[in-house]
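Whole structure, please, built from the sequences with the hints as guidance.
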Amino acid sequence: MLKMPEPDSSVLARRTDIIAAMRAIVPASGAVIAEEDALRPYECDGLMAYRQLPMIVVLPENTAQIAAILKYCHQNKIRVVPRGAGTGLSGGALPMADAITISMMKFNRVLDIDWDNRACVVQPGVTNLGITRAVEHRDFYYAPDPSSQIACSIGGNIAENSGGVHCLKYGLTTNNVLGLEMVTIEGDILRIGGKALDSAGYDLMGIITGSEGLLGIVTEITVRILRKPETARAMLLGFPDNQAGGDCVAKIIANGIIPGGLEMMDAPAIRATEDFVHAGYPLDVESLLLVELDGPAIEVDHLIERVGDIAHQCGAVYSRISETEEERALFWSGRKNAFPAIGRMSPDYICMDGTIPRGRLSDVLTGMQVFSQRHGLRVANVFHAGDGNLHPLIMFDANQPGELERAEAFGADILKLCVEVGGCLSGEHGIGIEKRDLMPEMFSEDDMKHQERLKLAFDEDQLLNPGKVFPVLHGCGELKTLHARSVANKFPDIPRF
Amino acid sequence: MAETITPTNPAQLRDAILWALGDKVALEIIGHGSKRAYGHDVRADHVLDLSKLTGILFYQPEELVISAHAGTPLAEITALLAQKHQQFQFEPVDFPLLLGGGDKTGLAGDGPLGTLGGLAATNISGPRRLKSGAARDHVLGFEAVSGRGEDFKSGGRVMKNVTGFDLSKLMAGSFGTLGVMHTLTLKAMPVPEKTRTVIVPCDDVVLAVQAMSAAMGSENEVSGAAWVPTSMLAVISPDTVSLDDARTATAIIVLRVEGPEQSVDWRAAALCRLLADIGTASVVRAAPSLGMWQAIADVKPMQGQGGVLWRLSVPPASGGGVVGALRHIDDSADIMLDWAGGLVWAQFAGGDASRHVEQARKIRKIAVEAGGQAWLVRASAQLRREIPVFQPLSPQINRINRKISENFDPHGLLNPGRMAPEHEPDVLNAKQPVGV
Chain A
0 MLKMPEPDSS
10 VLARRTDIIA
20 AMRAIVPASG
30 AVIAEEDALR
40 PYECDGLMAY
50 RQLPMIVVLP
60 ENTAQIAAIL
70 KYCHQNKIRV
80 VPRGAGTGLS
90 GGALPMADAI
100 TISMMKFNRV
110 LDIDWDNRAC
120 VVQPGVTNLG
130 ITRAVEHRDF
140 YYAPDPSSQI
150 ACSIGGNIAE
160 NSGGVHCLKY
170 GLTTNNVLGL
180 EMVTIEGDIL
190 RIGGKALDSA
200 GYDLMGIITG
210 SEGLLGIVTE
220 ITVRILRKPE
230 TARAMLLGFP
240 DNQAGGDCVA
250 KIIANGIIPG
260 GLEMMDAPAI
270 RATEDFVHAG
280 YPLDVESLLL
290 VELDGPAIEV
300 DHLIERVGDI
310 AHQCGAVYSR
320 ISETEEERAL
330 FWSGRKNAFP
340 AIGRMSPDYI
350 CMDGTIPRGR
360 LSDVLTGMQV
370 FSQRHGLRVA
380 NVFHAGDGNL
390 HPLIMFDANQ
400 PGELERAEAF
410 GADILKLCVE
420 VGGCLSGEHG
430 IGIEKRDLMP
440 EMFSEDDMKH
450 QERLKLAFDE
460 DQLLNPGKVF
470 PVLHGCGELK
480 TLHARSVANK
490 FPDIPRF
Chain B
0 MAETITPTNP
10 AQLRDAILWA
20 LGDKVALEII
30 GHGSKRAYGH
40 DVRADHVLDL
50 SKLTGILFYQ
60 PEELVISAHA
70 GTPLAEITAL
80 LAQKHQQFQF
90 EPVDFPLLLG
100 GGDKTGLAGD
110 GPLGTLGGLA
120 ATNISGPRRL
130 KSGAARDHVL
140 GFEAVSGRGE
150 DFKSGGRVMK
160 NVTGFDLSKL
170 MAGSFGTLGV
180 MHTLTLKAMP
190 VPEKTRTVIV
200 PCDDVVLAVQ
210 AMSAAMGSEN
220 EVSGAAWVPT
230 SMLAVISPDT
240 VSLDDARTAT
250 AIIVLRVEGP
260 EQSVDWRAAA
270 LCRLLADIGT
280 ASVVRAAPSL
290 GMWQAIADVK
300 PMQGQGGVLW
310 RLSVPPASGG
320 GVVGALRHID
330 DSADIMLDWA
340 GGLVWAQFAG
350 GDASRHVEQA
360 RKIRKIAVEA
370 GGQAWLVRAS
380 AQLRREIPVF
390 QPLSPQINRI
400 NRKISENFDP
410 HGLLNPGRMA
420 PEHEPDVLNA
430 KQPVGV
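Protein sequences, first through last, are from chains A and B.
Letter by letter, the first sequence follows residues 0 to 496 in numbering that gives the first Met the number 0.
Letter by letter, the second sequence follows residues 0 to 435 in numbering that gives the first Met the number 0.
Hints may be right or wrong, so weigh each one.
[Claimed, not checked] To give an idea of the interface, some chain A residues facing chain B are shown, with a C-beta separation under 10 Å as derived from the structure:
1) 188
2) 193
3) 248
4) 352
5) 427
6) 443
[Unchecked claim] The list that follows gives simulated cross-link-like pairs (lysine-lysine, BS3-like), each with its CA atoms no further than 30 Å apart:
7) B:130 - A:227
8) A:70 - B:402
9) B:130 - B:364
10) A:250 - B:83
11) B:83 - B:152
None of these hints come from the bench; they were simulated from the model.
Where a beta carbon is used, it is the ideal one built from N, C-alpha and C, also for glycine.
Written out as structure tokens, the structure reads:
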């Protein structure tokens, strides 16, 4: 079982005082939740097998309130767990019995759309898609598009440095953020970056992005918005084996083409999704590429022709090009529904998130087949081939004794293999508690100590989101197990990819 | 007596820092030393020279990734990338030439001066910054030795990686004050097939910034947007000075589009139509375009000049107003804009130090009021002791910066003083060298 820091009984003993203090800071009705029934919805995030009722939940409305809450927590040595929309898959918002969960969902306003500077200033509770919705009437959009974009908050995206399917061409969250306002645990309000591109001093924006709520609470975000490409078209390319599909990906890139999206699915994933959404995917191929090209129509047409030629050279046995916007959406619908499609085939599944050098894809898929036999569990693969981010979906039945443990061990084997071939544990879902104890697979003790020293520069008492990202030092044997249990899908309607 | 320590491998580098730690002596970290005149003078006992810690470790074009030791000459790396039609998308800048030093004879190709480590440590980026990000956005991973004498690494060689804190961002632009990076892995990207540059005469800087903003907000994927006085054209692009319209104007807007041939022609034509109200546009084709943008990246018109050079990073749309305000300080200042107005280069002619100190105060005020910051890029050693080179930080941010610095380099051994002048102890990294 995953080890979390022990609850501090002296804090629990002061619970009534703490509730009163929070109500004094945030007087709005219902803004401080202390009753068990009302706390229940906050007991987990998207990693649903791990649950813990928070001591209390506070829903502040403005930066001044957050500064006051954090200052109080700092003075009284009370732990804090920041929470966005709760869609995270790695348990980064898992509550603690002795901690205040601060929900950012009342920070839900778009504050400023600055067309001339192509920037949008939002509060952290605005959803990822909400930003695009706010600017699309003038044909602008916000580029990073994690799968949960309907529900996930931009504050959560900052915490996880979220990706999506367009990262190769348009970058991750970190490449699309211009400015932040963040409150430190001491209650200082930091204004970092803004609509200008460069800032003096250390790159605090770069380290806060992806810091999983360990450094402070972000209260305002300035993001870059982009003009939508004139056209986008998608291609489906089928191959007789994964090696050929992988080679095609490498050749497209080696030819200097950077597609807007470049996705790959293996045979089990193709069949599961086709069964579910009927996107017209070919069932007689072992590997399917979904390539999206965007830009002026004249460029897209030219690149489609070139990608078609490259695919042909690589032995493609199937090729289809979207002719209408509806058809493009249909091509994507299969890929975007891969997670629920697997969910139909298996009572439970866990989704892994390693990244590998693209050229090692075939080796890693072969390795997965070996693991699959060893653990006696099925696996389907969807792959952000453009940026090397794998999402193996391991299928199991939690009601069968021992299957969950086997699935977790299988997942750990996959992630270790990802690290072994030169990749990493997490491409976009974050470490949280899920992959925390695997960190030593990738980092030496000194590596992690330097990361923790950065943490201490912001939060010396380690009050912010304790127990996340870094292993709680304990028995060596426990360090090697993976604790990943995204058993159910909290938001079944969200396409996941 | 100051020594120069020249490690040739990471283990020697660590030994050197352990020695400094043991003897409590401060080190100035240099590569080729080509950007030594940027920032503040380091108060160090000895020099740690990384120029012999060289070598490309791997380059995989199909993975878009290259890894090399920090002392590897940048020109060697860019020449290798060019062989596979790749490049660093953030456009490395030949900063040393701007600082008034540097010698390019004997360099591989015509690549920029300096080392890979120096490039990352200073995080200086060219015109494509506005579309593709800065050097910090392209560093995938590093290995370093901190001021504690400990090896540490972060990131890796893949471009999507959220495993732990993103220390690559912290190290990029940290001027060697936290640790000494010995190995760096960066993202390489394809060189666009074709480049076109659209030139529109436009004397009025406010109008020019509005036009650049319209271009950036169009669907034409503009990858460079600058405003340049025609007096600088002979230096920036000898091939374009014959353009009739440009000759009669006092300044021009230059916009770059890159991509497949059909696409750049289509987009260049679309930009000409978009800006038809501003003036008659002309399109410069590939070859002259490339030289022109390298000259803009390197701020060539301001190379080899004696004046004090400032660099302001401001919200792009405020660029026009900022130029007006700078002219108000000194109407003879040489000024050009990059990043669609978001990067202002301003060169002020000589005068006594007190005048420049007074100017500095006004320039910083202009930058801050516009929502940006100002850097003192080129000035005499004396002026750089009087004026903070980097924008002074707010007390809250300064405090965090200081704590980070203390946690990574508790004894202040690495490049002490580089990021702040001596007499401003509250400003970032003004750590006292020990054992002096």
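Taking the hints in turn, this is what the structure says about them:
1. 188: For residue 188 of chain A, the interface hint holds, since the closest Cβ of chain B sits about 7 Å away, which is under 10 Å.
2. 193: Given a least distance of 5 Å, the restraint on residue 193 of chain A holds.
3. 248: 9 Å, holds
4. 352: Holds, because the Cβ-Cβ distance from residue 352 of chain A to chain B comes to roughly 9 Å (cut-off 10 Å).
5. 427: 6 Å, holds
6. 443: 7 Å, holds
7. B:130 - A:227: 14 Å, holds
8. A:70 - B:402: 19 Å, holds
9. B:130 - B:364: 27 Å, holds
10. A:250 - B:83: With Cα atoms ~13 Å apart, residue 250 of chain A and residue 83 of chain B stay inside 30 Å; holds.
11. B:83 - B:152: 28 Å, holds
In this structure, every one of the numbered hints holds.
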